[in-house]
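> Listed below, chain by chain, are the residues.
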Amino acid sequence: MVLGGAAGVVLLRSMVHSAFLLGLVFIGMAGLYVLLNADFVAAAQVLIYVGAVNVLILFAIMLVNRRLPSGDQKILSPRNTVTGALCAGLFVLLSVSIFNTPWQVQSPVPMNTVIEIGKRFFGEFLLPFEVASILLLISMVGAIILAQREFVPAVTEEGGEPLALPERPRDEEVTTAALPSGKR
Amino acid sequence: MMLNAFLVVAAALFCIGFYGLVTSRNAVRVLMSIELLLNAVNLNLIAFSNFLDPNNIRGQLFAIFVITVAAAEAAVGLAIVLAIYRNRDTIDMENFNLLKW
Numbered sequence: 001m002v003l004g005g006a007a008g009v010v011l012l013r014s015m016v017h018s019a020f021l022l023g024l025v026f027i028g029m030a031g032l033y034v035l036l037n038a039d040f041v042a043a044a045q046v047l048i049y050v051g052a053v054n055v056l057i058l059f060a061i062m063l064v065n066r067r068l069p070s071g072d073q074k075i076l077s078p079r080n081t082v083t084g085a086l087c088a089g090l091f092v093l094l095s096v097s098i099f100n101t102p103w104q105v106q107s108p109v110p111m112n113t114v115i116e117i118g119k120r121f122f123g124e125f126l127l128p129f130e131v132a133s134i135l136l137l138i139s140m141v142g143a144i145i146l147a148q149r150e151f152v153p154a155v156t157e158e159g160g161e162p163l164a165l166p167e168r169p170r171d172e173e174v175t176t177a178a179l180p181s182g183k184r
Numbered sequence: 001m002m003l004n005a006f007l008v009v010a011a012a013l014f015c016i017g018f019y020g021l022v023t024s025r026n027a028v029r030v031l032m033s034i035e036l037l038l039n040a041v042n043l044n045l046i047a048f049s050n051f052l053d054p055n056n057i058r059g060q061l062f063a064i065f066v067i068t069v070a071a072a073e074a075a076v077g078l079a080i081v082l083a084i085y086r087n088r089d090t091i092d093m094e095n096f097n098l099l100k101w
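Respectively, the protein sequence lines represent chains R and Y.
Per my numbering, the first sequence runs over residues 1 to 184.
Per my numbering, the second sequence runs over residues 1 to 101.
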C-alpha cells in the first residue's frame with residue numbers, strides 16, 4: 001500500500017491527487033513505525049508530516065498551481081527511461097546487499113519508548129535537541145522572509161507596467177471605502 | 001526475516017523518491033519526492049533501531065531529528081517555490097536558470 005501510494009505520488013499527473021496520496025503514504029509509514037515498536041515516532045510522524053508538511057504542500061499547490069504546467073512530457077521519454085533503469089539498478093543493488101549481509105538481530109525488548117526518548121533527549125542528546133529547536137526557529141524566520149510580499153509603493157514606483165498584486169490594492173480600497181462609512 | 005522485509009520496503013521507497021526527484025519538472029513535486037526520500041531513511045533508521053539495537057534506541061532519536069530537519073526543509077523549500085513563482089511566474093524546473101552561468 002505504501003509503495004503503491006509512493007508510485008502514485010511520483011507518476012500521477014494531477015498535483016492534488018499526488019499530494020493526497022503523499023498523505024496516505026505518510027499514514028502508512030506511521031503504521032510501519034507502530035509495527036516496529038516506535039510509537040512515539042509514529043505519533044510524531046502523523047502530527048508533523050500529515051498535519052503540517054502535507055497541509056503546507058497542499059497550500060503551496062493551491063497557491064501556485066492555478067495554471068497547469070503545459071510542458072508535461074510522456075512517461076516513456078528517454079530521460080525517464082534512463083532514470084527508471086538507474087533506479088531499478090539501485091534497487092537491485094540495495095536488495096542484494098540487504099540479503100547478503102549477516103545481520104545480528106537481537107530480540108526486541110518491550111519498553112516504554114516515550115519515557116526512554118524523553119530521558120535521552122534531556123540527557124546525552126541535550127545539545128542536538130537545542131540545536132534542532134534553533135534550526136526550526138531560523139527556518140521559520142527564513143520562510144516568512146522569503147514568502148512575504150514586498151511593499152506596494154516600492155513595487156509600483158519602479159516599473160511602468162503594474163505588477164499583479166491582487167490582494168493589497170483591494171485592501172486599500174476597502175479601508176478607504178470603510179472610512180467615510182465609519183464617519184457617517 | 002522481518003528486518004529484510006522492512007529494509008526492502010525502505011529501499012523501494014528510496015528508489016521511487018529518487019526517480020521522482022530526477023524526472024519531475026514541477027518544483028512542488030520535487031519537494032514531495034524529497035519527503036519520500038527522508039521517509040525511506042527514517043524507516044531504515046527505525047528498523048535498525050528495533051532489530052539491531054533494541055536496548056538503547058538511538059535510531060528513533062535520530063529519526064526524530066530527521067523529521068525536524070525535514071519539516072524545516074519543507075517550510076523553506078515551499079517559501080522559495082512561492083517566491084520564484086511570484087517573480088518568474090512558473091514552477092517548471094527547466095526554467096530556473098537564474099543561477100546557471
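These are computed hints drawn from the structure, not numbers from a lab.
Any given hint could be a false lead.
[As the list claims (entries may be wrong)] Heads up, incomplete: computed chain Y residues facing chain R, CB under 7 Å, no partners named:
| no. | residue |
| --- | --- |
| 1 | 5 |
| 2 | 8 |
| 3 | 44 |
| 4 | 51 |
| 5 | 60 |
| 6 | 62 |
| 7 | 66 |
| 8 | 78 |
| 9 | 83 |
| 10 | 84 |
| 11 | 85 |
| 12 | 87 |
Since this is a predicted model, take the numbers as computed values, not measurements.
We put the beta carbon where it would ideally sit given N, CA and C, even for glycine.
> Evaluate each hint against the coordinates.
Hints, verified against the model:
{"no.": "1", "hint": "5", "in the structure": "violated, 10 Å"}
{"no.": "2", "hint": "8", "in the structure": "holds, 5 Å"}
{"no.": "3", "hint": "44", "in the structure": "violated, 10 Å"}
{"no.": "4", "hint": "51", "in the structure": "holds, 5 Å"}
{"no.": "5", "hint": "60", "in the structure": "holds, 5 Å"}
{"no.": "6", "hint": "62", "in the structure": "violated, 9 Å"}
{"no.": "7", "hint": "66", "in the structure": "violated, 10 Å"}
{"no.": "8", "hint": "78", "in the structure": "holds, 5 Å"}
{"no.": "9", "hint": "83", "in the structure": "holds, 5 Å"}
{"no.": "10", "hint": "84", "in the structure": "violated, 9 Å"}
{"no.": "11", "hint": "85", "in the structure": "holds, 5 Å"}
{"no.": "12", "hint": "87", "in the structure": "violated, 10 Å"}
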